[in-house]
Amino acid sequence: MSLLRLSKISKRFGPTVALDGVDLELRQGEVHALIGENGAGKTTLMNILAGILQPDQGRMELEGHPYTPFSPLDARRQAIALIHQELSLFPHLSVSENILMGMESSRWGWVNGEDCRRRTLQVLEDFHHPEMRPDRAVAELPIAARQIVEICRAIAAQARIILMDEPTSSLQRPDVKRLFELIQRMREQRISVIYISHFLEEVREIADRYTVLRDGQGVGTGELGSVSDENLVAQMVGRPVKNLFPPRQQSKTGGTVLRVEDLAAPPSVKHASFELRRGEILGIGGLIGSGRTQMVRAIFGLAPVESGILVVGNKAVSARRGSPLLRIVQGMGYLSEDRKGEGLAVALSVADNVTLSRLSSCSRWGWLALDCQRQEAQAWIRRLNIKARTPSQPTWTLSGGNQQKVVLARLLHQDADILLLDEPTRGIDIGSKIQIYEAITQCASEDKAVLMVSSYLPELFGLCHRLAVMSRGRLSATRSVDEWTPETVMQAAIGGGE
Amino acid sequence: MLASLSKWFARFGPFLGLALVISIFALLSDFPEQYLSFRNFRIVLAQTVIVALGSIGMTMIIISGGIDLSVGSSIALTSVVAALSLQQGIPPSVAVLLGIVVGAFVGYINGLAITRLHVVPFIATLGMLGIARGAAKWLAGEQTVNPAETWVNQLAVTFPDPAWLLVAPGVWISVFLALLMALVLRNTVFGRRVFALGSNEAAARACGIPTQRVKLWIYTLAGLFFGLAGVIQMSRLRQGDPTVAIGTELDVIAAVVIGGGSLSGGEGSILGSMIGALIMAFLRNGCQQMGWPNYIQEIIIGAIIVVAVAIDRWRSSR
Chain A
947 MSLLRLSKIS KRFGPTVALD GVDLELRQGE VHALIGENGA GKTTLMNILA GILQPDQGRM
1007 ELEGHPYTPF SPLDARRQAI ALIHQELSLF PHLSVSENIL MGMESSRWGW VNGEDCRRRT
1067 LQVLEDFHHP EMRPDRAVAE LPIAARQIVE ICRAIAAQAR IILMDEPTSS LQRPDVKRLF
1127 ELIQRMREQR ISVIYISHFL EEVREIADRY TVLRDGQGVG TGELGSVSDE NLVAQMVGRP
1187 VKNLFPPRQQ SKTGGTVLRV EDLAAPPSVK HASFELRRGE ILGIGGLIGS GRTQMVRAIF
1247 GLAPVESGIL VVGNKAVSAR RGSPLLRIVQ GMGYLSEDRK GEGLAVALSV ADNVTLSRLS
1307 SCSRWGWLAL DCQRQEAQAW IRRLNIKART PSQPTWTLSG GNQQKVVLAR LLHQDADILL
1367 LDEPTRGIDI GSKIQIYEAI TQCASEDKAV LMVSSYLPEL FGLCHRLAVM SRGRLSATRS
1427 VDEWTPETVM QAAIGGGE
Chain B
4 MLASLSKWFA RFGPFLGLAL VISIFALLSD FPEQYLSFRN FRIVLAQTVI VALGSIGMTM
64 IIISGGIDLS VGSSIALTSV VAALSLQQGI PPSVAVLLGI VVGAFVGYIN GLAITRLHVV
124 PFIATLGMLG IARGAAKWLA GEQTVNPAET WVNQLAVTFP DPAWLLVAPG VWISVFLALL
184 MALVLRNTVF GRRVFALGSN EAAARACGIP TQRVKLWIYT LAGLFFGLAG VIQMSRLRQG
244 DPTVAIGTEL DVIAAVVIGG GSLSGGEGSI LGSMIGALIM AFLRNGCQQM GWPNYIQEII
304 IGAIIVVAVA IDRWRSSR
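So the protein sequences, as listed, match chains A and B. Heads up: take any position in the first sequence, counting from 1, add 946, and you land on the working numbering. Heads up: take any position in the second sequence, counting from 1, add 3, and you land on the working numbering.
By construction, these hints were calculated from the structure, which means they are not laboratory data. Nothing here was measured: the structure is a model prediction, and the numbers come from that model. Each residue gets a CB set at the ideal place from its N, CA and C atoms; glycine is no exception. Among the hints, erroneous ones may be present.
Stated by the list, open to error - Using C-beta positions, here's what the derived DEER-type ranges look like:
#1 B:Trp11 - A:Ser1253: 27 to 35 Å
#2 B:Ile249 - A:Arg958: 46 to 54 Å
#3 B:Phe179 - A:Lys1123: 48 to 56 Å
#4 B:Ala22 - A:Gly1312: 45 to 53 Å
#5 B:Arg216 - A:Gln1104: 54 to 62 Å
#6 A:Glu1071 - B:Val97: 51 to 59 Å
#7 A:Gln1000 - B:Leu120: 19 to 27 Å
#8 A:Lys1123 - B:Leu182: 46 to 54 Å
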């Protein structure tokens, strides 16, 4: 029988229709995958379920009774807990304080520390993480451990329905496995889970049924066992998708444009050497935290370098005394994995963001020609198919995928010869992914050199000409993509030998 | 090792600073026995009371990620209210209470502006800085209010009567309230909420914490302390002066920040803020003893604030 039933849920934000008559049925003890591109309305739907937003229209029923949560607290009281896409923890507080926030054991307003500690230990025990200390500050925990804290919070609330918004986006494979084991255990305890994810593989691994959202409408629902990947993707994108990746251009094997020799940027990068050639896409695989990001940052002058040689074109440059400005002058462009933190100035307009690293294209004597800036941005909006109404729209109003395209547009506008891309498609929808893949391939065919860090193996194999793998701060030898298999990449990443 | 050193420093850094300030002046002074005398300590403590009381309330506000710029004006307003009440022949205890309540009311209005009108704390309290000061001048008729002598004037005297109190009653009141608030912040559900709010407001809301109501409480409660500081101010001056305590909010904020509070919220402690207030008081006192002009004091205190925060940044970046 259905535990939760939504019918004809609608929600508008000003002129934007976020949800338009969505139905959803959740059965007891099932894992229900909610899939769809970014901007399809999944997060809005979650927020409505969690009591953060109120729907404009529609009915929600929990076990046959009307369910109208007016606040997150109210939703939690009715046993619905939300685990956020972006971790919502209190970095200054302890593990125990985080887990029990909002439901501490107390008497007359005074917290019963002993009982809080006991309850925390109990929850951690249940989640098979007894090694976590309740009094540790969350700021000191690695990101995967923070996720555990967040999940434990939902468990501590004795939720019957847990909403998970892309819970694996910051987890590594072993932690994903552990998370899935937990979800399995929840299923056994008749807890229902609504699971949002972009990763179809993941959804298949863990979920029983699915609902696809597109442009605020439910476009399909059913058993996962009886639907093909192609069919799911077609429902998400709204058109059949034959190939995720554009056909690989034969690398013209131009000259080396960037040579990195014996780069060391402790503690995370111990040794890295590689050559990047004109017209190629070089992939860097490896686990999160293996030093890939730090390597790229060190090359771009954002992280301190201890030793190493950097040759750009055929000119040796100082690796130790680098700064982003210097690297940009030398022809490099950098796309950060942290889009909101580093990639974009989200409060500024699309036009400002696109032209930011080369304002000289539309300024004279330090004065900006605003029309010219808008036109140039408009050209990129059209070329990368960015869904923005106007170039002067603030960037934060765009969906994740479109924001990422803005970042890429900035690099392209900057006309960098060497593109350093760190997780260029992380957490964005398939439609945007395909367009970003196309743009990257296009860059390579225009004789630029692309270095791409990615945790998503199909992407590395589908796009790159050559691959190297980072493991515990050491970069493997670079080999042609045909000489790798997903298994050998994983082996190298886990670090089979030095 | 380094981590534990850094933790140790976080806890005892302000103490170290205080010890440093006292020993430097003891060394510089021609009369160290006078500087280090109990008599001088009593003077310093009595001088600290107003900033100390203010920083108890401010610590709570800053931990929650807010700020209050209206402290000085609030002190002036409440000192005028208390003085006027005494002048009207209202019993001293009621007059004191009135002053405190007016302080809480000012805080409540701040809280309303922040939560209902969605004005950021900096601006809301900047507005109140003007409003409360204006109200004080208006009530006092733009001159000082001189009430008759009562026991209220004994609250902040350097040499208390009876002598076994050793220090001014106001000092004892501050110590008691500081302990109480330290406990409240550490051990109550409300205290948790305050930290949660400053650490991650969105997460706090998602955890079902009534963030707006908590904020309203924080500003109102802090207002109580500012009101009490105003009463002590009146007691020290023996009059209600609407032009008093200009810029006191900056001293109070500095005390919190020197004591380890972070303006981005989530960090801070009452003990730290008390030490911060003492550091500034001993600096002032030391400079006076040395016969240094006022401007040197100002330069040193300014530098100390920046250095204290720089050390804190350096520590947390390790």
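Checked hints:
1. B:Trp11 - A:Ser1253: 27 to 35 Å: holds (33 Å)
2. B:Ile249 - A:Arg958: 46 to 54 Å: With a Cβ separation near 50 Å, Ile249 of chain B and Arg958 of chain A satisfy 46 to 54 Å, so the hint holds.
3. B:Phe179 - A:Lys1123: 48 to 56 Å: Check passed, 54 Å falls within 48 to 56 Å.
4. B:Ala22 - A:Gly1312: 45 to 53 Å: With Cβ atoms ~52 Å apart, the hint holds.
5. B:Arg216 - A:Gln1104: 54 to 62 Å: violated (25 Å)
6. A:Glu1071 - B:Val97: 51 to 59 Å: holds (56 Å)
7. A:Gln1000 - B:Leu120: 19 to 27 Å: holds (22 Å)
8. A:Lys1123 - B:Leu182: 46 to 54 Å: Between Lys1123 of chain A and Leu182 of chain B, where Cβ atoms are some 49 Å apart, the hint holds.
Checked against the numbered hints given earlier, the structure breaks only hint 5 and satisfies all the rest.
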